[in-house]
Amino acid sequence: MDYRGSTALVTGASGGIGAAFAEELAARGADVVLVARSAETLAALAARLHTDHGVRAEVVAADLTGPDAADTVYEEVARRGMRVDLLVNNAGFGSAGRFGEIPVGRSRTEITLDVTALVELTRAFLPDMAARGRGGVLNVASIAGFQPTPYMAVYGAAKAFVLSFSRALWAEYRGSGVRVTAVCPGPVRTGFADRLGTPPPYAGQFRSAPQVVRTALRAYERGRHTVTPGIVNAALGYGRLLPVRATLGLARYLTGRVVGDSASPELAAAPH
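Quick note on the UniProt record's numbering: the sequence shown kicks off at 1 and runs consecutively.
These are calculated hints, taken from the structure and not from any lab test.
Restraint-style ranges between C-beta atoms, simulated for each label pair:
#1 His-50 x Gly-133: 25 to 33 Å
#2 Thr-72 x Arg-4: 26 to 34 Å
#3 Thr-109 x Pro-210: 24 to 32 Å
Ideal Cβ positions, reconstructed from N, Cα and C, are used throughout, including at glycine.
Work out the full structure, taking the sequences as your base and the hints as a guide.
Next comes the structure, spelled out in structure tokens:
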């Protein structure tokens, strides 16, 4: 796929998987719109991408949990005379710990960012793509979306929503020229894993953010509805194969090893 002359909008672009998407797409010739809360960090990244790859790199500093955030981003992009050909919904964070110990406001914010903002941004940009008969959406979900995730209950449920939503849109828009792909990473070497304190036994399953991005783009270009980067990570989607009781027991054991049975809610602010 030739990305030259196209524009990609990446949310959560200030670091981790989002920054890696921006880097890879700019390297392939796409202009980029970088969206996150940190204007200063985004400006530095935009300047580097423009210098290194000669692409247009725009910054839209926005808190996607705010009211009408998606409409604000859409209108700002239009005001700058740009149209989005690829929407990368990467912004999100995960809460870790016992559900009843995590502040309800934090869970609300998590759902707003991981689910509501993703849906509203897709609703804002996808109709234009459909009208043009080309474009696409890459939604960053997680292997946590394949089964319930004790100690990360809201995060796992949010990612299950993203996975189901993406697959439904893939079916709706199949043959229209608009591609929709859900990316379901396992452990990735970003601040997310560091913040949650992932122990050494998981190290062999870790992928780098650039690896995840290259795998995601390859799947997107092939028109796949779902991709799980890494053979071991793909196997961790065990929730599709085991009885529910067994799935819950195994998920509780594995996630409990990561966050601990009495994990502090202070661990609950780790972005992708």
